[in-house]
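Enquirer: Chains A and B, in that order, are what the protein sequence lines are. Note that our numbering gives residue 51 to position 51 of the first sequence, counting from 1, and the numbers run on in steps of one. Note that our numbering gives residue 197 to position 197 of the second sequence, counting from 1, and the numbers run on in steps of one.
One thing to keep in mind: the hints can contain errors.
Note that identical chains are pooled: a pair holds if it fits in a single copy or bridges any two copies.
[What the hints assert, rightly or not] Capping the alpha-carbon separation at 27 Å, the derived lysine-lysine pairs in DSS-like fashion look like this:
#1 K165 to K56
#2 K317 to K423
#3 K18 to K414
#4 K414 to K317
#5 K317 to K247
#6 K56 to K176
#7 K150 to K414
#8 K421 to K317
#9 K18 to K247
#10 K220 to K421
#11 K176 to K421
#12 K228 to K118
#13 K220 to K18
#14 K317 to K410
#15 K421 to K213
#16 K228 to K150
#17 K118 to K317
#18 K213 to K150
#19 K220 to K165
If you are wondering where the hints come from, they were derived from the structure by calculation, not from laboratory data. From a predicted model like this one, the values you see are computed outputs, not experimental measurements.
Protein chains: 2
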Amino acid sequence: MGLIRIELENLRANPPSKTAVWPALERFLADMDAGRSGFFHLPARSSWERELAAIKPALAHRIPELDTFLHLGIGGSSLGAETIVRALGASRAPAFHFFNNIDPDWILHTLERVSPHKALLYVVTKSGGTMETLAQFAFLRQWLESRLGKERARNHVVFCTDPSKGDLRALALEWKIPTFEIPPSLGGRFSALSAVGLFPALVAGIDGARLLKGASDYRKRFLEQVEKSEIPDALSLASMLVDHARKNGRAMTVLMPYSQRLKTLSAWFTQLWAESLGKNGHGLTPIAATGATDQHSILQLLRDGPQDKTVGFVEVKGFDQTFDIQWHDPTLPAFDLLNGVTMNQLMDAELGATRQVLTNGARPHFTIVLPRLSAHTLGQTLYFLELLTALTGYLLEIDPFGQPGVEEGKILTKQRIVAAKRKLN
Amino acid sequence: MGLIRIELENLRANPPSKTAVWPALERFLADMDAGRSGFFHLPARSSWERELAAIKPALAHRIPELDTFLHLGIGGSSLGAETIVRALGASRAPAFHFFNNIDPDWILHTLERVSPHKALLYVVTKSGGTMETLAQFAFLRQWLESRLGKERARNHVVFCTDPSKGDLRALALEWKIPTFEIPPSLGGRFSALSAVGLFPALVAGIDGARLLKGASDYRKRFLEQVEKSEIPDALSLASMLVDHARKNGRAMTVLMPYSQRLKTLSAWFTQLWAESLGKNGHGLTPIAATGATDQHSILQLLRDGPQDKTVGFVEVKGFDQTFDIQWHDPTLPAFDLLNGVTMNQLMDAELGATRQVLTNGARPHFTIVLPRLSAHTLGQTLYFLELLTALTGYLLEIDPFGQPGVEEGKILTKQRIVAAKRKLN
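Assemble the whole structure, with the sequences as input and the hints as a guide.
Expert: This is the structure in structure tokens:
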């Protein structure tokens, strides 16, 4: 069973002292026990498997030739699911489209290649009232109904929302739509390992139980460290990031997985980090990157730009498949250099070189090392980054679980919609 | 003919004075006339159309059922092309895959759905020796040859590289591969409007001449302003961004198009901005975002986090298509609010609200307004952002056209490859 490992480099200039960080840890643990956020105990919840197993035969019956999964959701309702599916989805799984925006050209463009007979809509909104998601669903309902008829259209829809509140829950009851619950204490951005992400995982042929086992194993490790009065890795890293920000002005946190299949992990982390920590004039700014690609993009800035960032890598020790580069020809020196090397070795060489460049420039960085990319290691990684985010909030004395700043925008948007409608009438 | 427009808001706290900015402008113009970078005069080059027109019949002859375009390139060799294709590609065009990373699992996973008989490989490396791109090509050459045979495989390949140097040029001569030139003075990140982007555009059914016309029209406007001794818009914005960075510590530049089809534009801009400006301990850090999606991600941080950013929006005034949201039901208030509104209006309301939120919080922002999203407006936008980047470099007294910091990483990577090969033997 491969466990992920956290490696620190140049970060240790600011090693955390136990007296400084323990009070934050204790507040965090007390809040978790009081149910302040559902994420911490989520992996211990045992009912997901049952709920997910129950839906499988119903789905196969309703849509026998399922070939397209349309995921409707935005922000935390979308990114966790997309991270899991892009990282681990089987190549023979249905095509996944994540409708996380309201651009009508893009939606229509995407639908041109989709057959409603073979499509499943998964509508995810925690509150049941997210405007973008409801607007999309209103349109896709018409799209389905005009092609399949009213009754059959409903067979192509699954919801995920609050257990009792909101428009989507009301509709679920009226239309008898299979509907997963998002526990009220679980913020959207912490919901990847709930039905929000687990149902798409199921359809993509990913073992949800292994994802949860990964999270649960990481949680166990965290609690063991607490039990032994050691500073847990997530808290240790959180403390160093906070110190580098406060004392050295390193206000940005780069996350750069060296794996194309983990590209969405950076986007998910960006949302988690920004929305959890950007409060009261504080907050660290997340920067999403992907290796080796972005060595040809932001590396120049990471090496020679201002000393205002810490960089986190995600390293996948072994890819599932690899291949040799074969091109023996001394007259073509660039090809010849690569002759006999595997893609795995090339990726290793590039990550090693990038880390060396940062170390040489006294630029702090850390690495999350995954023995392989699997449901088990991804579950650990998601949970570790959630812990890291929450604990960073507690150290900054920011509540990581609210998002008060989003409200103003929602109210202003509604006012503008009402005004637009008034103009129409 | 719709021209793009630059709107500034809250940025004017630091209006540029002509005496402060004119010397940088004059150095820039002198360097452009001396051929320091090919991007400035690129739209005036008239040979693209001829070169591109010449390849069309050859292609149709070589691959009569072309359904997949495999773009091999990394950094600037990839992002400009992807930006254009994602923004404007016809829905009936071939499927485009941008192989901009070396993750072997991802490459093999993608190829599972591709038929080599119907695929075209476009291999782009300015130097002709980019390791990642050559490694991919070495593998894809085998993939093609094992399925099509050696001779026919070569019919499925087009190159884009230096006119005379490098391994790819040597191979082009040996194998007689159709090959576009990247002018030596044109840095990869400034090459979107050369054959690097124009050939994929052609295959995607996009009017390359209109892209160039857009760039050329914007260039004309810029030179007219210079002629009249007005501060050109790009310089005016550059100066305000630099001032906000120097005087107010706003070291980050967010680019947030409100259009899903412009999502890659942010990634392209990130590469352009980071690699051009991150030098000598200076540089502004780019943050890629997409509206309305990232209102549910970084908006919380933009509103309530530290005052360390300026935000740029890209607004598309009218989408090509739109649709009404129809859901009249007073018992479902969230749906009912949206009833009768178009997706266009919803997008407008969201962008307007987000701008208002920033204005209310005295957070500076600007908007690039596109009357519509078309080849003509995208050409203008790319050119404007290239001008903005170059001029920001001149104001910061940084050479925006080199990338010295990337070299160290390349050397270290090569050393590690040589070491890995030694171990094998």
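Enquirer: Please sort K150 with K414 into within, between, both or neither, judging by C-alpha distance up to 27 Å.
Expert: Answer is neither: 30 Å inside a copy and 62 Å across each miss the 27 Å cutoff.
Enquirer: If the cutoff is 27 Å on CA atoms, where do K56 and K176 land: within, between, both or neither? Let me know, please.
Expert: within (17 Å within a copy, 54 Å between copies)
Enquirer: If the cut is 27 Å between Cα atoms, do K317 and K410 qualify within a copy, between copies, both or neither?
Expert: between (43 Å within a copy, 21 Å between copies)
Enquirer: Given identical chains, is K317 near K247, meaning Cα to Cα at most 27 Å, within a copy, between copies, both, or neither?
Expert: neither (33 Å within a copy, 44 Å between copies)
Enquirer: From the Cα coordinates, with 27 Å as the cut-off, is the pair K421 and K213 best called within, between, both, or neither?
Expert: neither (49 Å within a copy, 38 Å between copies)
Enquirer: My question is about K414 and K317: at a cut-off of 27 Å on alpha-carbon distance, are they close within one copy, between copies, both, or neither?
Expert: Between copies only: 20 Å across, 48 Å inside.
Enquirer: When Cα atoms must be at most 27 Å apart, do K213 and K150 count as within-copy, between-copy, both, or neither?
Expert: Neither way: K213 and K150 sit 40 Å apart in one copy and 48 Å across, limit 27 Å.
Enquirer: When no copy is specified for K118 and K317, does a C-alpha distance of 27 Å or less occur within a copy, between copies, both, or neither?
Expert: neither (38 Å within a copy, 34 Å between copies)
Enquirer: How would you classify K220 and K165 at a CA-CA limit of 27 Å: within, between, both, or neither?
Expert: neither (33 Å within a copy, 57 Å between copies)
Enquirer: At 27 Å max between alpha carbons, let me know whether K317 reaches K423 within a copy, between copies, both or neither.
Expert: Intra 59 Å, inter 18 Å, cutoff 27 Å: inter-copy only.
Enquirer: As a check of your reading, is K18 near K414 (CA-CA no more than 27 Å) within one copy, between copies, both or neither?
Expert: neither (47 Å within a copy, 42 Å between copies)
Enquirer: For the identical chains here, do K421 and K317 meet the 27 Å Cα criterion within one copy, between copies, both, or neither?
Expert: between (55 Å within a copy, 18 Å between copies)
Hints 3, 5, 7, 10, 11, 12, 15, 16, 17, 18 and 19 from the list above are not met by this structure, while the remaining hints are.
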